[in-house]
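J.: Sequence:
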Amino acid sequence: MIQRILTVTALLLLAGCGSYDLSVNDRVVYTPRPLFSEYTIADPALASCVQNEIERLNITHASQLRDLNCSDSNVADLSGIEVFTGLSRLILRDNSIASVAPLGKLSLVIELDLRSNQIVDPRPLYDLPALQSLDLRGNGSLTCPGGGALLQLDTLTLPGHCPQR
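In the numbering used here, the protein residues as written are 158 to 322.
No lab work stands behind these hints, which were simulated from the structure alone.
Okay, the calculated beta carbon distance ranges per label pair:
#1 Glu212 x Ala258: 21 to 29 Å
#2 Thr300 x Thr242: 20 to 28 Å
#3 Arg280 x Thr242: 17 to 25 Å
#4 Ser228 x Gln309: 19 to 27 Å
#5 Gly305 x Ala255: 19 to 27 Å
#6 Gly303 x Ala219: 29 to 37 Å
#7 Ala287 x Thr217: 22 to 30 Å
#8 Pro191 x Thr300: 41 to 49 Å
#9 Pro201 x Gln289: 24 to 32 Å
#10 Pro320 x Asn231: 26 to 34 Å
#11 Ser205 x Gly317: 28 to 36 Å
For glycine and all other residues, C-beta sits at the position ideal for the given N, C-alpha and C.
Using the sequences and the hints given, assemble the complete structure.
T.: Here it is in structure tokens:
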């Protein structure tokens with residue numbers, strides 16, 4: 158009985174070492190999956206933010222990253238973010254982002270906070286099928302959405318110079 162308790166205790170302690178190989182009698186019986194690294198993000202601030210989330214959440218595949226908050230991080234370029242197709246919530250407020258073109262490929266995004274950036278053209282966001290909430294406040298040069306653009310959203314917050322719907 159004591160040996161069984163010791164064995165269970167040892168296994169529980171080893172389970173806490175999820176990022177290490179587990180060996181028994183010099184034989185590897187478990188190797189954890191490597192963290193996801195098959196992406197290229199040119200913007201150093203965005204790359205750092207993404208890498209921190211990958212490490213924090215032990216992400217092993219791009220689609221596992223569902224929530225990303227890179228607010229006030231000096232992000233200027235979103236190129237490369239499109240590989241994370243599982244993103245459903247993306248918070249990028251208080252940065253220097255001008256182009257949102259890479260976000261147009263993120264078909265699962267539900268919430269997008271882009272307030273206080275330098276966005277001019279929001280058109281890449283018009284056809285995001287899952288988008289429900291979009292915040293574009295503080296983008297002083299934004300071309301205001303016209304016609305029926307973004308009418309499908311539950312929440313749309315535009316800069317002061319744009320007519321609110």
